[in-house]
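S.K.: Top to bottom, those sequences are chains G and S. Per the working numbering, the very first residue in the first sequence carries number 1124; after that it's consecutive. Per the working numbering, the very first residue in the second sequence carries number 3; after that it's consecutive.
Wrong hints could be hidden among the right ones.
To be verified - Calculated pairs, EDC-like style, for lysine to aspartate or glutamate (alpha carbon to alpha carbon, straight line, at most 16 Å):
1) K1517/G to E1497/G
2) K1431/G to D1464/G
3) K173/S to D152/S
4) K1508/G to D18/S
5) K1205/G to D1169/G
6) K1165/G to E1198/G
7) K1431/G to E1460/G
8) K1508/G to D47/S
9) K1431/G to D1415/G
10) K169/S to E1460/G
11) K1508/G to E1495/G
12) K1508/G to D160/S
Quick caveat, the hints were computed from the structure, so don't treat them as lab data.
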Amino acid sequence: MTLAERIIARAAGRVRVVPGEIVTCRVDLAMMHDSGGPRRVKPMLDQLGVRVWDPERVVVVSDHYVPAFDADSAEILDLTRKWVRAEGIARFYDMQGICHVVLPERGLIRPGMFAVGGDSHSPTGGAWGAVMIGIGATEMAGVLATGEIWVRVPPTLRLEWSGHLGPAVAAKDMMLHLCRTLGLDSATYKVVQYAGPAIAALPMTERMTLCNMSAELGAKTGIIAPDRMTAEALAATDAGEMMDVADWADSPGAQYEAVHRFDASVLAPQVAAPHSPTNSAPVDDHGCVAIDQAYIGACTGAKLVDLKMAARVLAGRQVAAGVRLLIAPASTRITTEAAADGTLATLTGAGAILLSSGCGACAGYGAGVLAENEVCISSTARNFKGRMGAHSAKVYLGSPYTVAASAVLGRIADPRDFVA
Amino acid sequence: MSGERTGGGVVHRFGDGIDTDMLAPGRLMKRPIDDLAAACLEALDPGFATRVRPGDVIVAGGNFGTGSSREQAAQVLLTLGIAAVLARSFARIFYRNALNLGLPVLVCPAAVEIPSGIRLAVDPIAGRARELDGAGQDTGRSWTCEPLPDHLMTMIADGGLLPHLAKRLAKRA
Ligand code: SF4
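Full structure from sequences and hints, please.
M.R.: Put into structure tokens, the structure is as follows:
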């Protein structure tokens, strides 16, 4: 069995599962945010007359409507806080950052877990060797009522990356490349497992970017087999202890639906043109595209590793006149760490404007949305029409390196020219 | 458990990759569902929400509902009275959301052949869509859809996940 199949079998109380069969899994962890969470599930649970099956296994994060920017968002946050208290949910992270980043920071996602999240980027948790699946609100209400969920055991696609990434090339570039070559529905109902030497060399936060954007391939989830780096990184979180990850190591001899091979060494920085991540191409293919805004944010592109990429490009440089560079670190802890190691000073010194930690402009909820016909390059995961503001706004996607380089030149730029 | 969901709704055709922001725009997500429904698909087809009539059917290409997990993307279609969505394929979270809410979503490999504006009667249980003429008579043209997996049939028959759970919990009590 593949790693995902072994985790699903364990959660279903089965010795073996095969792709295609329907099983019922016990949920180890259910994560929700303020948008799809309490405000949606509360009326449903009330209607059913039940409470959360196990408050210990539920995590709530406020990230979409933070900080409250009008009466509606304030109400949503108020409802979230009250519900969490009423249900006795201790793991509530209020305005601490974006759920997919806060969860691993607190050591809450661990190898071998079967978890669900009320958000499509829940596959991010797979970077830690867990199966974490994104679900909608009614489905979440079902999980909260019963502690269970049915799944059709997904087949696994294995994506083997050889070689190593060149200077100013990052996990984001790998994903934009995969979006184009495989397509947005290439992995629908499937698990995508990333493997190979180029993956093993990536830090956990970059692995999270890969699993995060598995959502863009349509996947049920993304996963990376835990290794020594996973165990060490986990010990450095609030988990605070080394875990024996051997049980959940890669499965030799497992059956994959397909194995695709890629070479990281030849990958150029990638940029996706509006309005889909599949419109990606090497940065230089896009020609001269002037920008109004550069945005570094979201669960996908504003972890400490991402801010450091931007800082490498921006050190000793300035954001171009007439361009605004907005940076919303993915969590308050990241802001603290970036302040401590000098990253933040480099960014603001170059003229970047610091925003609060949360989803922000990523899905058009918060600060930094775009006016009609404006052009933005962003380190987020999606550039659907109208997602970041006006319908006619054009959003390009790139790595934090590429976004920062573009902010400096005022047009989409190749970051390799900036990083020696 | 059989029966047609619509006695001949008008077909509204869309292409590939209809995403959750087109269905339920992010900037309106904190508004009540009626406000979201009024903006459904406006980016592609201005005025869609006012033209669509209860019982109408959406026919689309591949990866319908791609993007966010927001359930409102399916809920707005129910709010507008859409009787069924037929598409070549669906994004997985949208697919589950729709069925959980009781909106029939049917995988129809030949969806691209179904013309816009015709009247369609859809039977989600039988997995069949047939064209009706102005008088409500069968024109003889029909298309097949993949049948829903068995384990979902009871849930759909109960009217969605919540009523289904209510039944299950009542049995346990
Ligand atoms: S940052 Fe963007 S992609 Fe990530 S959870 Fe928030 S809205 Fe979704």
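S.K.: Against each hint, give a clear statement of whether it holds in the structure.
M.R.: Here is how each hint holds up against the structure:
1. K1517/G to E1497/G: holds (6 Å)
2. K1431/G to D1464/G: Distance ~10 Å between K1431/G and D1464/G Cα, so the pair holds.
3. K173/S to D152/S: Violated, at roughly 21 Å.
4. K1508/G to D18/S: holds (14 Å)
5. K1205/G to D1169/G: holds (14 Å)
6. K1165/G to E1198/G: Cα-Cα ~14 Å, so holds.
7. K1431/G to E1460/G: OK: K1431/G and E1460/G at ~11 Å, within 16 Å.
8. K1508/G to D47/S: Roughly 13 Å separates the two Cα atoms, so the pair holds.
9. K1431/G to D1415/G: The given pair, whose Cα atoms are some 23 Å apart, is violated under the 16 Å limit.
10. K169/S to E1460/G: violated (50 Å)
11. K1508/G to E1495/G: The hint holds at about 12 Å.
12. K1508/G to D160/S: Violated, because 36 Å separates the two Cα atoms, which is more than 16 Å.
Consistency with the previously given hints fails for numbers 3, 9, 10, 12, ordered from lowest to highest.
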